[in-house]
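Residue strings, one per chain:
There are 4 protein chains.
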Amino acid sequence: MKLSSRAESHLFKALDNFAIELPSWGFADTGTRFGKFFQPAAASTVEEKFHDAGLVHKLTGACPTVAVHVLWDFTPGSDPNVTRRIAKKHGVRIGSINPNVFQDQQYKLGSFCSPDAKARADALEHTLDCIDIGKAVGSDSLSMWLADGTNYPGQDSIYRRKRELEKAFKKIVEVMKKKWPRATMFIEYKPFEPAFYHTDIADWGMAAAFCMSCAGTSGKAKVLVDTGHHLPGCNIEHIVAFLLSENLLGGFHFNDRKYADDDLTLGSIDPYAVFRIFDQIVQYAFERGMPEGKLPGVAYMVDQSHNLKPKLEAMVQTVDQAQRLFAKANLVDRKALAKAQGTGDIVGAETALRNAYETDVTPLLARWRRSHDLPADPLAALRKSGVIDKLGKERAKARKERGETQSASYA
Amino acid sequence: MKLSSRAESHLFKALDNFAIELPSWGFADTGTRFGKFFQPAAASTVEEKFHDAGLVHKLTGACPTVAVHVLWDFTPGSDPNVTRRIAKKHGVRIGSINPNVFQDQQYKLGSFCSPDAKARADALEHTLDCIDIGKAVGSDSLSMWLADGTNYPGQDSIYRRKRELEKAFKKIVEVMKKKWPRATMFIEYKPFEPAFYHTDIADWGMAAAFCMSCAGTSGKAKVLVDTGHHLPGCNIEHIVAFLLSENLLGGFHFNDRKYADDDLTLGSIDPYAVFRIFDQIVQYAFERGMPEGKLPGVAYMVDQSHNLKPKLEAMVQTVDQAQRLFAKANLVDRKALAKAQGTGDIVGAETALRNAYETDVTPLLARWRRSHDLPADPLAALRKSGVIDKLGKERAKARKERGETQSASYA
Amino acid sequence: MKLSSRAESHLFKALDNFAIELPSWGFADTGTRFGKFFQPAAASTVEEKFHDAGLVHKLTGACPTVAVHVLWDFTPGSDPNVTRRIAKKHGVRIGSINPNVFQDQQYKLGSFCSPDAKARADALEHTLDCIDIGKAVGSDSLSMWLADGTNYPGQDSIYRRKRELEKAFKKIVEVMKKKWPRATMFIEYKPFEPAFYHTDIADWGMAAAFCMSCAGTSGKAKVLVDTGHHLPGCNIEHIVAFLLSENLLGGFHFNDRKYADDDLTLGSIDPYAVFRIFDQIVQYAFERGMPEGKLPGVAYMVDQSHNLKPKLEAMVQTVDQAQRLFAKANLVDRKALAKAQGTGDIVGAETALRNAYETDVTPLLARWRRSHDLPADPLAALRKSGVIDKLGKERAKARKERGETQSASYA
Amino acid sequence: MKLSSRAESHLFKALDNFAIELPSWGFADTGTRFGKFFQPAAASTVEEKFHDAGLVHKLTGACPTVAVHVLWDFTPGSDPNVTRRIAKKHGVRIGSINPNVFQDQQYKLGSFCSPDAKARADALEHTLDCIDIGKAVGSDSLSMWLADGTNYPGQDSIYRRKRELEKAFKKIVEVMKKKWPRATMFIEYKPFEPAFYHTDIADWGMAAAFCMSCAGTSGKAKVLVDTGHHLPGCNIEHIVAFLLSENLLGGFHFNDRKYADDDLTLGSIDPYAVFRIFDQIVQYAFERGMPEGKLPGVAYMVDQSHNLKPKLEAMVQTVDQAQRLFAKANLVDRKALAKAQGTGDIVGAETALRNAYETDVTPLLARWRRSHDLPADPLAALRKSGVIDKLGKERAKARKERGETQSASYA
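Residue numbers (our numbering), protein chains in the order written: chain S, 1 to 411; chain F, 1 to 411; chain P, 1 to 411; chain X, 1 to 411.
Calculated directly from the structure, the hints in this document are not laboratory data.
Watch out, some of these pointers could steer you wrong.
A pair counts as met if it fits within one copy or between any two copies, since identical chains are not told apart.
Stated by the list, open to error - Derived BS3-like pairs: lysine-lysine, alpha-carbon spacing no greater than 25 Å straight-line:
(1) 88 <-> 171
(2) 339 <-> 397
(3) 335 <-> 108
(4) 400 <-> 88
(5) 171 <-> 135
(6) 177 <-> 393
(7) 89 <-> 393
(8) 390 <-> 108
(9) 58 <-> 335
(10) 167 <-> 58
(11) 13 <-> 220
(12) 335 <-> 2
(13) 339 <-> 88
What you are looking at is a predicted structure, and each value in this text was computed from that prediction instead of being measured.
Next up, chain S with everything else stripped away, as it sits in the complex:
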């Protein structure tokens, strides 16, 4: 597929605006319930996490912000701007604020939904603290993923839990409107894990209902689509299109999966499915008559668990993959597509999509990168740099000096 220079310029503009937020926790050691495999270069400290995020941004030019987990990236009681300054030092900004209301022992039966009033109150207090932090560090979104749910039929009243959750979201939005008016609350959904019978926000429909009940059509609460949080077979791009058309799409947590919430790197299992998500976003802009190269405002965030892949490699590869599939979606001949759709020409319409998908965008991306003084192949550049080895040595030493021992036992 040959691009006209006009088309290429639109695509470059779209790429310029395509920012992918990295999660601070994506650089730290993670694992499964059967254990963690440690990597010498894994980031342990806030400083190291932001260093790594900054490095990925330097290599890709696409990752100006970093999502933070309040429990892990801030010190309770101390100035949140410490973290902000660390970010700045590494050339990035603080992105989405993620409260953590699933880890403490008191959240065993849930957070906002717990039968324990103390747990509910603490979850709310923590979240209100996050609002203060978010405002202080210049973030513009609060990202709510709750592990709330039950493991057994009968364990708790689904009705009571829903009422408590609605109440909490209303309070949070109320406070946000006052204190942090520029920010949006994202509500994430997930069908299961860590809850294995029912999860209080199990699907996009529930997330959307909670958004509506706490914020109505104000746009203060929107749905967050984690690409790994769906039942087998689910048509995710359909959900994305539906949410966009309802003005309820807040953003994404990117990752890929084959079975459950596998948290593999984006596009590693089903790249065509990721392409189709981007396709719906570009198609939305096309149908709305938005100017070429302009797309609806959606937050793109990575949320993956790099259990085996070197974390820096995994992250750069993810950003590259996202840009590839995003670029392809921007190459679809929308007019030809619309014409084929209008006449029921199924094969013609599909071909319009496939021509774009099968285009090798490597040279295109290389040109875009060079135009921004970025390495044409950021993954190759990273691998050649030897930085992972170097960090591995430094960080192993630093951990030793700090007297850290690593324990991965499940039992």
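With chain S fixed as given, assemble chains F, P and X onto it according to the hints.
Just chains F, P and X, lined up with the frame of chain S:
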């Protein structure tokens, strides 16, 4: 589990109000795409279908109404009261009206969502006709299952389809409000089949959004939950509870499944899951403080494909099974359950459910049936009666006389 | 990715040997249980089916053989060579012979597994007839897909059914060894549909066990992998590799799916997954040290249900898609891959695969096609030719003259 | 359903022989990758684990043996009979020996399948050590669950991994034959987790193939079915029947699931499915003409993750549930079932199963328990005893004295 006479009287009252609507098409020959296996006693004519429905009602006392498919149970242009009188003759009434906008060749690319304006207009016209019929025959619901969807990525614009569908539902509700004010429109959802890439109303969230956009909180449009229309693992009772709490649960299409939309008889694969659906309904009434034995108004309808089981046996078995699991759900000690839930006693709460589920309600149901002059074991009564053999002979002869040949070929 | 001329010559040799068998039934009207949508150009007669298969072969050069369904493509009692001559006339040969033991009314409860001895005997007799036909028409494979299974727990004894099936397969192989020694029996598996509780040959493990019990390691019975016949999430390429390493892989029925056995066109939903299947086949040859461009003998067959797409377009598109993904799999740098695998370089190994997958092979395939005097873009050539319109008119007329009426009703 | 005294005596005999092995790790704190919630009464030491297992055996009379994880329940280099004596002290014996070749850092890329020769050798050495331990402590089975697999397409050669695994299993069986002739090796399978792209032993077919390649029909290697290790929709009882008929069923790891490998308590989600597994085992005995009350030798083991339920309660509840469903399966009228099956009476056959399933076996089990001087309701007895509270206090104190801190952080 011993019931006090007061508890038994509440249960009997609940059973009295537990009406299960039978589908006229459940008595006719059905099959898979690989072919149909014919049964001599299958109903071919409207008269035969209502005869069979009437017989099931006589045996069970629980099936006063029959859902009809307009295309199959009415003659275009003739008085719909012909069908109503047939129903009356067999001791039943006409229940939900089901338009059929998936079978005609023009619906190849969809009905209300088709890119073809003529198909869309015809679908609407047919549905408006159904409103006239529904009103004429004294029905009180319009049941919308659409096969609309696409088979391939890119085949059509999901956005355009959604807009057209919203428009159609608005028009339908508008007309219903004027002409048929007592009736409710049910919107059914299904993840796939016959569409294999995307289905325009794919899940409860989409069905609910369409209800809201056409009828708001008026209650004129509600969601219909077909128990076979979910992705693997989906927690259906959670959806039921969520819809109830949003005042959006219209009713059910009952059937069971192991893999996809298998349309097996209710509870034949996972009876505990059906019990849990009823449990949420009873729990809702309990938490709302409704009087004992009283439950929220929900339409219970059977929608199964009796490909192998004798149709009359399958239907009686289904009604019996529904009553069993419904009765068990009414046996749960709600106060003990609430207490265990409130203290995080998971095993105690589960035990409250299990004690009810594991109760053998056969004697209880027999008592309720005898109190209504019904056979204590309706399935056994049907099997002993020899009626299926008799109908088989009569209907084979009648088909021969009408010159009908049966063709089941897929190829 | 730049290919050396040596590499291109190996690839061309691999493409030369990559034959894809078309199913005669893929050109006829098909549908779902909800109805069939007719296409004017659909093939109705054996002559028309072979005409269409011949046309696809002319356009792609890759489809020399046609799989036949004995019930649909042969006239009982007449010379099977009639069909063979029709095939020859259209430039193709007869491929795999498919008995049909699922359509007759007597097979309601199964064929070889039925509790009815007459049904079992008839299924065997029909299959033995197929052997005679297969031998007569020069085919070299017998393809066994059985719909045998049950819809309800308890419906039949799984043990008895298994014993009967083993007995039947033994008899079939015994007769094949005598009468048709060059041929292989393929045993296909499927988890569900049309049986919805249990299917007697439900997975590859059962198919393999039946192969072993009737043919041991003789290679007379091998497993047939239909890409649509797996439970959600199943890693098909792993099964392919496992079967290859056990010398039990017979071949494929190609199609794609999103939910169940959707029978969509190959690669239309998940092209990367198809690529990975080919990758395992090429990798097998590489690890075995087979000469470059040479691959293990595997039968590639299409089995799709073109319910909406024009049948000829769907078939040409499928062949093109198969060739694309096959070519990509042949482009993987196996030595680089092996090196990365050996050192646990996960990202490096993955990159070896992705580099090949992301290569646009359009120009490569165009060169290969031109070298065989084929159109560089067979789908475009078909669409430009206007042949589908022409056939549509001719065949509509012919059907009318034959007095055929088309009925698609499910009810 | 009324039982004759003869039938009850057969059932009691079957219950007498129905032993359920408990896992030592089922009494310890476990969690998900998102964290662990600690229970004061959770067992930390080998002594505590066996105490708890002994208590469950005392309450249920059905759990004479305890499965051990070598890494967690034995001290390297010290006498394994230490553990044996602890078991004896608590009234139980050591059951299945479970090597652990997934937890050490060196197993990051697999154990027997790792590309790293050292990891492979260490896995083998550890397993051979387990054989010595097993023999020493009087166990009679070695239970092999491997976490081996890959996370990304291309990560490793599936062929090489398979060859290495075959080699290892051959070696293990060879050594077992010499040193530990009375024991059987069980090979477990699992579709995914912790590997998310491919798992080297992914399904029963692969497990069976490995059994055959290392032990042939000798019976030294058999398949272990973990009820939670299947893809969605999988018909587990069919696999059980298939394995039984191939003489390849070794035993079970019991648990229940709704989504993935949720490790919930047996029968808590789908009790009818568990009943159907037992039904196939009893049916096998019936069809083989085994004496009534006698069943094929199968190892029943629990493998659950009691993340939220009190561990002792969960275990007693599980044993009770297993006995209930096992008893029900023994109540099926096999002759009536066979008759209905033989005549294609689907509803009749299903009814035979359902009559047994719907029987309330509480009084029956109470009688059996009283005849063995066991509490009629072991779960109620446990809850009334207050032992969990008591243990909670003692163990909290003991942990404090040992200076243990509990850490559950995922990040």
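Status of each hint after checking the structure:
In the homo-oligomer, the alpha carbons of residue 88 and residue 171 never lie at most 25 Å apart, since the shortest distance is 32 Å inside one protomer and 55 Å across protomers. With identical chains, the CA atoms of residue 339 and residue 397 are never at most 25 Å apart, being 62 Å at best within one copy and 30 Å at best between copies. Taking the closest pair of Cα atoms, residue 335 and residue 108 come within 25 Å of each other only across two copies (23 Å); inside a single copy the shortest separation is 53 Å, beyond that limit. When the C-alpha separation of residue 400 and residue 88 is checked against a cutoff of 25 Å, the pair qualifies neither within a copy, at 27 Å, nor between copies, at 43 Å.
Within a single copy, residue 171 and residue 135 get their C-alpha atoms as close as 17 Å, which meets the 25 Å cut-off; across copies the closest is 46 Å, which misses it. Proximity of residue 177 and residue 393 under a CA criterion of 25 Å is satisfied in neither setting, with 47 Å inside one chain copy and 47 Å between copies. For the identical chains of this complex, residue 89 and residue 393 are intra-copy neighbours only, at 22 Å inside a copy versus 50 Å across copies, given an alpha-carbon limit of 25 Å. For a Cα distance limit of 25 Å, the shortest separation of residue 390 from residue 108 across copies, 21 Å, qualifies, whereas the shortest one inside one copy, 40 Å, does not.
Taking the shortest alpha-carbon separations for residue 58 and residue 335, neither the intra-copy value of 36 Å nor the inter-copy value of 32 Å comes in at or below 25 Å. In this homomeric assembly, residue 167 and residue 58 never come within 25 Å of each other (Cα to Cα): the closest approach is 42 Å inside a single copy and 47 Å across copies. In this homomeric assembly, residue 13 and residue 220 never come within 25 Å of each other (Cα to Cα): the closest approach is 27 Å inside a single copy and 47 Å across copies. For the identical chains of this complex, residue 335 and residue 2 are intra-copy neighbours only, at 16 Å inside a copy versus 33 Å across copies, given an alpha-carbon limit of 25 Å.
Taking CA atoms no more than 25 Å apart as the test, residue 339 paired with residue 88 passes in neither setting, with 48 Å inside one copy and 40 Å between copies.
Comparing the model with each numbered hint stated earlier shows that hints 1, 2, 4, 6, 9, 10, 11 and 13 do not hold.
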